[in-house]
Amino acid sequence: MSTIAQKHTGGSIPRVQLCLETLQPSTLCAVKFEKDHGENYVKKLIEPYYRSGRNVTFDNFFTTLKLIQHLLRQGLTCVGTVRKDKKFIPEPLRHHSFSKDKQYTSRLAFQEKATMVSYKSKKNKVVTLLSTMHSDKAVSEDEKKKPGIVAFYNSTKGGVDGMDQKVHKYSCKRKSHRWPMAYFFNIVDVACLAAHVVFKTKFPDHPLSGKDSRSHFIRSLASDLAQAQLFRRQEIPTLHFVCSDCIDASNVTGN
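First residue of the sequence shown? That's 1 in my numbering, and the numbers climb one at a time after it.
FYI, nobody ran anything at the bench for these hints, they're computed from the structure.
Predicted model only: the values in this text are computed from it and were never measured.
For each residue, glycine too, the CB sits at the ideal point set by N, CA and C.
Please note that a few of the clues may not be correct.
[Stated by the list, open to error] FRET-style restraints, in silico, Cβ to Cβ:
1. D248 to H168: 32 to 38 Å
2. R73 to K137: 49 to 55 Å
3. D85 to V198: 37 to 43 Å
4. K44 to A249: 22 to 28 Å
[Said to hold, decoys possible] Derived PhoX-like pairs (lysine-lysine); straight-line CA-CA distance at most 25 Å:
5. K169 to K84
6. K175 to K200
7. K86 to K169
8. K125 to K146
9. K102 to K84
10. K44 to K100
11. K169 to K211
12. K87 to K66
13. K175 to K202
14. K123 to K144
15. K166 to K125
16. K66 to K86
17. K86 to K44
18. K175 to K146
19. K100 to K66
20. K144 to K166
21. K122 to K146
22. K113 to K43
23. K123 to K113
24. K100 to K146
25. K84 to K144
26. K86 to K100
27. K122 to K145
28. K169 to K202
29. K100 to K145
30. K43 to K102
31. K100 to K43
32. K166 to K137
33. K169 to K125
34. K113 to K102
35. K113 to K87
36. K100 to K113
37. K84 to K122
38. K145 to K113
39. K43 to K87
40. K145 to K123
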């Protein structure tokens with residue numbers, strides 16, 4: 001099982017997501033820290049999984065030597081991209097050192113419990129990754145000669161991205177300059193997606209668990225959640241007849 005943490009900001013409150021297994025529901029965290037906030041976000045989110053033997057995959061917003069050492073002490077390995085300006089990158093692995101190298105060149109550096117790789121994926125692009133999960137020089141056999149660390153990162157980084165894509169397809173978001181509303185819209189979107197995943201897991205043979213059933217599930221969920229409020233409004237003697245007719249048309253029934 002992979003754990004993926006990725007930075008995302010909404011308004012003035014940071015939103016950090018944790019995804020257990022690719023494309024599964026994400027957990028949100030909006031806790032503010034005064035310093036080392038990237039490290040603290042990761043620690044806060046994965047604390048329940050200490051000593052579980054899992055791997056954590058995150059982007060360069062979070063990757064530091066201090067963090068990976070902490071995760072190792074907690075029984076977790078990690079793989080993460082590294083910003084090119086980090087001082088702990090060895091000189092031979094720095095991006096400017098690849099200026100004369102051919103595309104698909106890679107260089108590795110090893111410590112006792114960590115491996116760093118820099119890979120020239122494009123003519124003018126070098127990516128650097130740090131891993132405590134890998135300790136070999138494995139590369140793919142095709143022309144790209146992609147290091148195993150890079151291939152693993154690419155295969156596990158998409159959990160949060162996949163969730164964002166699913167949320168974007170069916171969203172309740174509306175244009176607003178008020179960041180609390182924008183944040184609330186996102187909470188509703190993620191909750192609906194998580195509810196559908198849980199529903200499909202519990203009722204795999206239900207019609208609303210089909211491949212293209214999410215839009216129908218969301219409509220059904222919204223209708224069920226609105227029933228109690230509609231019933232309360234139906235009991236108001238002075239309710240406008242237009243509203244009353246609409247409620248009657250929706251077949252609202254009391255409990």
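Tested hints:
1. D248 to H168: 32 to 38 Å: Taking Cβ atoms as reference, D248 and H168 lie about 35 Å apart, which means the hint holds.
2. R73 to K137: 49 to 55 Å: 26 Å Cβ-Cβ, so the 49 to 55 Å window is violated.
3. D85 to V198: 37 to 43 Å: 42 Å, holds
4. K44 to A249: 22 to 28 Å: Violated - the Cβ-Cβ distance for K44 and A249, about 47 Å, lies outside 22 to 28 Å.
5. K169 to K84: The hint is violated at about 34 Å.
6. K175 to K200: 31 Å, violated
7. K86 to K169: 37 Å, violated
8. K125 to K146: Cα-Cα ~14 Å, so holds.
9. K102 to K84: 19 Å, holds
10. K44 to K100: 42 Å, violated
11. K169 to K211: 14 Å, holds
12. K87 to K66: OK: K87 and K66 at ~13 Å, within 25 Å.
13. K175 to K202: Answer violated: K175 to K202 is near 35 Å, above 25 Å.
14. K123 to K144: With a Cα-Cα distance of about 12 Å, the restraint between K123 and K144 holds, given a limit of 25 Å.
15. K166 to K125: Roughly 29 Å between the alpha carbons, so the hint for K166 and K125 is violated.
16. K66 to K86: 13 Å, holds
17. K86 to K44: 23 Å, holds
18. K175 to K146: Between K175 and K146 the Cα gap is close to 42 Å, so the pair fails against 25 Å, i.e. violated.
19. K100 to K66: 32 Å, violated
20. K144 to K166: 30 Å, violated
21. K122 to K146: 12 Å, holds
22. K113 to K43: 20 Å, holds
23. K123 to K113: 31 Å, violated
24. K100 to K146: 19 Å, holds
25. K84 to K144: Measuring from Cα to Cα gives roughly 21 Å; hence the hint holds.
26. K86 to K100: 22 Å, holds
27. K122 to K145: 12 Å, holds
28. K169 to K202: Holds, because 23 Å separates the two Cα atoms, which is no more than 25 Å.
29. K100 to K145: 18 Å, holds
30. K43 to K102: 38 Å, violated
31. K100 to K43: Violated: K100 and K43 sit about 39 Å apart, past 25 Å.
32. K166 to K137: At roughly 36 Å apart (the allowed maximum being 25 Å), K137 and K166 break the hint.
33. K169 to K125: Roughly 31 Å separates the two Cα atoms, so the pair is violated.
34. K113 to K102: 29 Å, violated
35. K113 to K87: 19 Å, holds
36. K100 to K113: 30 Å, violated
37. K84 to K122: Given that 25 Å is the threshold and the Cα spacing comes to 15 Å, the pair holds.
38. K145 to K113: Holds, because 24 Å separates the two Cα atoms, which is no more than 25 Å.
39. K43 to K87: Judged against 25 Å, a Cα distance of about 22 Å means the pair holds.
40. K145 to K123: 14 Å, holds
Figure legend: structure checked against the earlier numbered hints; hints not met, in rising order: 2, 4, 5, 6, 7, 10, 13, 15, 18, 19, 20, 23, 30, 31, 32, 33, 34 and 36.
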